[in-house]
Amino acid sequence: MYNLYFKIAIRYLLKNKLYSVINILGLAIGVASFILIMVYVNYENDYDKFAGSENVYRVYMDYKKGDQFVPGDAQTYNVTGPTFQKEFPEVLDFTRFYRLEKTTLKIENKIIEETNGNLADPSYFEIFNQTLLKGDITTALVEPNSIVLTETVAKKLFGNENPIGKTISVFWGSQVLATIKGVMQDIPKNTHFKINYLLSFETIQTWDEFEGQKKPDWSRNNYFTYLKIDKNADISLLQKKITESNFEDDPDERHNIEPIEDIHLYSNKPYEAELNGSVVRVKFLTAIAFIILILSWLNYINLSTTKSLERAKEIGIRKVAGAQKQQLIIQLLLESMILNMIAIIMAIVLAIIILPLYNSFTGKALTFELASLANILPILGFILLGMMLAGLYPAILLSNYSPSKALKGKIKTSANGLNIRKGLIITQFLATIVLLIGTIVVTKQINYIQKQPIGSDLNDIVAIHGEILNKKSDSLLIQDFTTLSNEMRKLSMVKDVTTTQTYPGDGYDNLSSFMEITHPDGTKEGNVTYYFYIAESNYFDLMDIEFLAGNTFLPNSKINDRNLVINEKFAKEIGIPNPKESINQKVKFWDVEWNIIGVIKNYHHFGLKTPMQPVMIRYGKIRNNLLVKLDPEVASTIGYQSSLSQLQHVWEEVFPQSTFNYTFINKKFQAQYEEDTKFSEAFKIFTALAIFIAALGLFGLTSYTCIQRKKEIGIRKVNGASIFKILKLLNIDFIKWVGVAFIIAVPIAWYAMNSWLENFAVKTNLSWWVFILAGIMALGITLLTVSWQSFMAANGNPVDALRNE
Amino acid sequence: MLLNLKNISKWVQSGGQKVFLLKDINFWVNEGDFISIMGPSGSGKSTLLNVIGMLDDFNEGEYSFLDESVHTLKEKHRANLYKQYVGFVFQAYHLIDELTVKENLEMPLLYKKHSASERKSLVGDMLDRFNIVGKKDLFPAQLSGGQQQLVGVARALIASPKLILADEPTGNLNSKQGEEIMEIFTQLNKEGVTIIQVTHSEKNMAYGSRVINLLDGSIV
Numbered sequence: 001m002y003n004l005y006f007k008i009a010i011r012y013l014l015k016n017k018l019y020s021v022i023n024i025l026g027l028a029i030g031v032a033s034f035i036l037i038m039v040y041v042n043y044e045n046d047y048d049k050f051a052g053s054e055n056v057y058r059v060y061m062d063y064k065k066g067d068q069f070v071p072g073d074a075q076t077y078n079v080t081g082p083t084f085q086k087e088f089p090e091v092l093d094f095t096r097f098y099r100l101e102k103t104t105l106k107i108e109n110k111i112i113e114e115t116n117g118n119l120a121d122p123s124y125f126e127i128f129n130q131t132l133l134k135g136d137i138t139t140a141l142v143e144p145n146s147i148v149l150t151e152t153v154a155k156k157l158f159g160n161e162n163p164i165g166k167t168i169s170v171f172w173g174s175q176v177l178a179t180i181k182g183v184m185q186d187i188p189k190n191t192h193f194k195i196n197y198l199l200s201f202e203t204i205q206t207w208d209e210f211e212g213q214k215k216p217d218w219s220r221n222n223y224f225t226y227l228k229i230d231k232n233a234d235i236s237l238l239q240k241k242i243t244e245s246n247f248e249d250d251p252d253e254r255h256n257i258e259p260i261e262d263i264h265l266y267s268n269k270p271y272e273a274e275l276n277g278s279v280v281r282v283k284f285l286t287a288i289a290f291i292i293l294i295l296s297w298l299n300y301i302n303l304s305t306t307k308s309l310e311r312a313k314e315i316g317i318r319k320v321a322g323a324q325k326q327q328l329i330i331q332l333l334l335e336s337m338i339l340n341m342i343a344i345i346m347a348i349v350l351a352i353i354i355l356p357l358y359n360s361f362t363g364k365a366l367t368f369e370l371a372s373l374a375n376i377l378p379i380l381g382f383i384l385l386g387m388m389l390a391g392l393y394p395a396i397l398l399s400n401y402s403p404s405k406a407l408k409g410k411i412k413t414s415a416n417g418l419n420i421r422k423g424l425i426i427t428q429f430l431a432t433i434v435l436l437i438g439t440i441v442v443t444k445q446i447n448y449i450q451k452q453p454i455g456s457d458l459n460d461i462v463a464i465h466g467e468i469l470n471k472k473s474d475s476l477l478i479q480d481f482t483t484l485s486n487e488m489r490k491l492s493m494v495k496d497v498t499t500t501q502t503y504p505g506d507g508y509d510n511l512s513s514f515m516e517i518t519h520p521d522g523t524k525e526g527n528v529t530y531y532f533y534i535a536e537s538n539y540f541d542l543m544d545i546e547f548l549a550g551n552t553f554l555p556n557s558k559i560n561d562r563n564l565v566i567n568e569k570f571a572k573e574i575g576i577p578n579p580k581e582s583i584n585q586k587v588k589f590w591d592v593e594w595n596i597i598g599v600i601k602n603y604h605h606f607g608l609k610t611p612m613q614p615v616m617i618r619y620g621k622i623r624n625n626l627l628v629k630l631d632p633e634v635a636s637t638i639g640y641q642s643s644l645s646q647l648q649h650v651w652e653e654v655f656p657q658s659t660f661n662y663t664f665i666n667k668k669f670q671a672q673y674e675e676d677t678k679f680s681e682a683f684k685i686f687t688a689l690a691i692f693i694a695a696l697g698l699f700g701l702t703s704y705t706c707i708q709r710k711k712e713i714g715i716r717k718v719n720g721a722s723i724f725k726i727l728k729l730l731n732i733d734f735i736k737w738v739g740v741a742f743i744i745a746v747p748i749a750w751y752a753m754n755s756w757l758e759n760f761a762v763k764t765n766l767s768w769w770v771f772i773l774a775g776i777m778a779l780g781i782t783l784l785t786v787s788w789q790s791f792m793a794a795n796g797n798p799v800d801a802l803r804n805e
Numbered sequence: 001m002l003l004n005l006k007n008i009s010k011w012v013q014s015g016g017q018k019v020f021l022l023k024d025i026n027f028w029v030n031e032g033d034f035i036s037i038m039g040p041s042g043s044g045k046s047t048l049l050n051v052i053g054m055l056d057d058f059n060e061g062e063y064s065f066l067d068e069s070v071h072t073l074k075e076k077h078r079a080n081l082y083k084q085y086v087g088f089v090f091q092a093y094h095l096i097d098e099l100t101v102k103e104n105l106e107m108p109l110l111y112k113k114h115s116a117s118e119r120k121s122l123v124g125d126m127l128d129r130f131n132i133v134g135k136k137d138l139f140p141a142q143l144s145g146g147q148q149q150l151v152g153v154a155r156a157l158i159a160s161p162k163l164i165l166a167d168e169p170t171g172n173l174n175s176k177q178g179e180e181i182m183e184i185f186t187q188l189n190k191e192g193v194t195i196i197q198v199t200h201s202e203k204n205m206a207y208g209s210r211v212i213n214l215l216d217g218s219i220v
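Chains as they are written, first to last, in this note's numbering: chain A, 1 to 805; chain B, 1 to 220.
Just chain B, same shape as in the assembly:
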């Protein structure tokens, strides 16, 4: 088992009342899963993804990731954990505008202990794999949305994570670009990478092996 969420709840105080963002979520993921989280706006999909990605706290429950209990870890250890095992892909790509494609890919490696030559070869591999060698010195603004997301995926993968968290990865793309990205995910999943995606689209959902439906913060 890669990760396991037990009775996870997250809320905010609003006007003296608890407003639940997540309520009593029980949920596990095995290595090699391809999971789609679905639900209407405001149902808590992204919040759940952020909790899994350790970007957000939760108020109640237990969360273990590779048998480490996340809720008891200090922030620094938590960061080390996701740094090592998790890659993120975003709807809005979230590339750094001031960095070239190559530098964007290299960026996560800077925060881990890789030598310059290692970084160079890893970036080179990624550029090859996604067929974007010719774009390596361009800035994000010079790329199409599909190409940007390609870079986004490449960046998520560069540190060889066990888990990819994708928050509506095709949301800003046209259908053809979207299909390309989903094909890549399928391919990655076959290679053993675990993928959790948040999506609105039934079509994208179909790429996954398991679906979790959320409504008002609870799994239905």
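The following block holds chain A by itself, in its conformation from the complex:
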């Protein structure tokens, strides 16, 4: 019997090719989109999940803002960990990291550059559930000058050789020698704390780069601290104890903890280990995934209900032949299962084919491995359940037909049935309009951000950074940088050269900060984080940063040492809103009095997601970054690539033993929005797919209405109605439904997009035209979809329509 059901189902699908293709395609696209989005969502949700991760917490700093504490810094003091372990019995263990952002590793003649080196405590392996592939895990990070490489880094340096026991040079400002004590597995890609190698924390004691930080104290919070907490501990109690403790004796700050599993999606503090994800984005994508899937089901229900009219006869015959309702429902469900299964298989194949492309788009390493399959199972379960429900409605509807009427072809669906379909189609419109509004807003915001003046001209500026392997970081090296700058200025495409600690878009990586300050009027204050960096006199000119008052440092003058250039926001924070009045005012921090010589216009140092911060620049020659402003005309004539090689050539002449890296700083600035740009692209693609699916459903409904109203159309035409009148008659309902959907969609979309925009410090308006445009687009797409069929119906010969009666 099931054999026969199967056979007839296949024959039916083959006979109605267009219908089958539309239906399967709609479902397959819906399911494939759903799977792909959910795999991504799972990946994001699975950040930092490992055995025991639920008991691992990160310590961070809250800073006082007004009379409230707000998250202020992802990094803590070097004594935070040891103190907590001693003071709080719930804290079983801790590990600290000191991040070495950009480093160079050298062994014999092999030099590689490696990011994300870290000084770490030996407890790292246990807390983060990591194992060593080679070496002794209990001793690998105990002694100073010990290093553990990840498998990938070890391969890069040694190929298949055993690296254990070899000595390697690590350059980070200055050089340190370390013995390789272990090789660890590469850490998972979805972890917020990336590690390429670990130096033992004790190396701080032997490395002169850490002069002044060797003694544990409460002076600098440059360390990440992670705690392993007793699984039976009362977390909220511990958190209370931690926030109320004040070991560092500073009323303007406090320690706090957060679960490591929450960091990637929920944490966005200054000095994060990396740019984290965003839970809002994940939620939006999840919503889109469900919308698309549900749309494809609604579409399926619409189409199969439409088609069921044609099957009324068959159902009648079967009933007359003695089929019972349940038997028919089973048959029809089986058919819908077959169709859905084909769609699901297609969707999975589609998803697997698209995955590499999708990965290069998302920049993630998503897989359909067995391990992640466990995560997909609930998703598949959900799909199957939905599929059953989607099949059930048409099945019940069909099996309810009275046989005598079905055989006469007199099936009229009840008002109820029509209402259900109306509801379905309005839901489709609703989802479509919400997605359209979302797409427009996201695109508008991304464009807005990209066009936003950042207060500085980042174009054609190359930031050059390299490790000088044979020289100490001292005043002689600074002298070399002056030589280098002068040599580079001689190149035809170079407009100017300067050295600086950091630049807009570089994030927090190279930026310093402090909180305790004495205002010009003598008020002491410690509530605000003030950021600062070191730059040369010509920095502002090169970056095209405008002065509101005063001027830059005098070139090559000793007087500069206690001079400051501040931004508007800084001036405001220290109580002098008028820039002109702040010139020659004195502020005090680090027990030193500083003289304000210039006020610059606010520029977005941290990108447009972060509100404006008080920033000051003090004078100095520094080797972190060499900024070269290119003359775009000359550079494009001789080619950017050869311009860069000429720069590299000069660099290598001055520093024969060195590495050379460059970044176009406008690209780096834009990179902050990479995820958002991708999100906007994804939004567009999935919205287009959703609209396509909805259009398929609409197409189905139109053919349904046209069949239903065939007689009515015939009669109207016989009585002289014009084609236009009939088109209007057929389409007016759709216009009404779009209208209803629009009214419901606007507040939903407004609320959703408003919450997305909250992510940005600089945001575009939710202008009224965004909503109107989405409504018009939805209406346009609708009319386009329904018009062809309505036209065919309106244009048909009324005799054909009336003959059946």
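Some clues are possibly wrong.
Unchecked claim - Using C-beta positions, here's what the derived DEER-type ranges look like:
| id | chain 1 | residue 1 | chain 2 | residue 2 | range |
| --- | --- | --- | --- | --- | --- |
| 1 | B | L66 | A | P378 | 51 to 57 Å |
| 2 | A | I723 | B | V19 | 35 to 41 Å |
| 3 | B | D137 | A | I396 | 31 to 37 Å |
These are calculated hints, taken from the structure and not from any lab test. Quick reminder that beta carbons are idealized off the backbone N, C-alpha and C, glycines included.
Here the structure of chain A is known, so what remains is to put chain B in place on it, guided by the hints.
Positioned in the frame of chain A, the structure of chain B alone reads:
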């Protein structure tokens, strides 16, 4: 007595008025009868046939089929009753387009408790009896109207019903094909199958043993 209709009435409400489709029908059928129902369009012939076949409800009266009172039965029992005893033949054949001749014949057996081998032999018998073995793997669209109706009759017979209800069985056929079908009915009737046919044609009426004339829902 095979079935008995007593004071059967069926109506629909239209504009607050009862419009009678069947009015006070009294009517009985013995086993082995061959009855023709005649009457003009709209006189209620098909409705009466559907009521007899238990495909349609009625509003008033009593209907007993093999001493079971149909009007008191639940839908499921009613379905079981006609499944067991009644076969239908339609003017438009009503074969399932997606099934072959063989599968169309087999279809009613699927809804009764027959094993696969039983089904196979019953279908084989039918194909033999109607001389359509060569057509067994064709689809309805590949057959002539007469052949389709042959399959229709074969399908009605396959579960060995006591009663065949035929709604203008020759209405879509030419005269030669029509005669063939009527010959088959005559033959079946001789074998003891009760037949009730709705017809317009005097010629077909002549095959029957008894005629019921309907006008405006009443027997005249």
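To see whether the hints hold, each was checked on the structure:
1. L66/B x P378/A: 51 to 57 Å: Given a distance of about 55 Å, which is inside 51 to 57 Å, the answer is holds.
2. I723/A x V19/B: 35 to 41 Å: Taking Cβ atoms as reference, I723/A and V19/B lie about 36 Å apart, which means the hint holds.
3. D137/B x I396/A: 31 to 37 Å: holds (33 Å)
The structure is consistent with each of the numbered hints, conforming to all of them.
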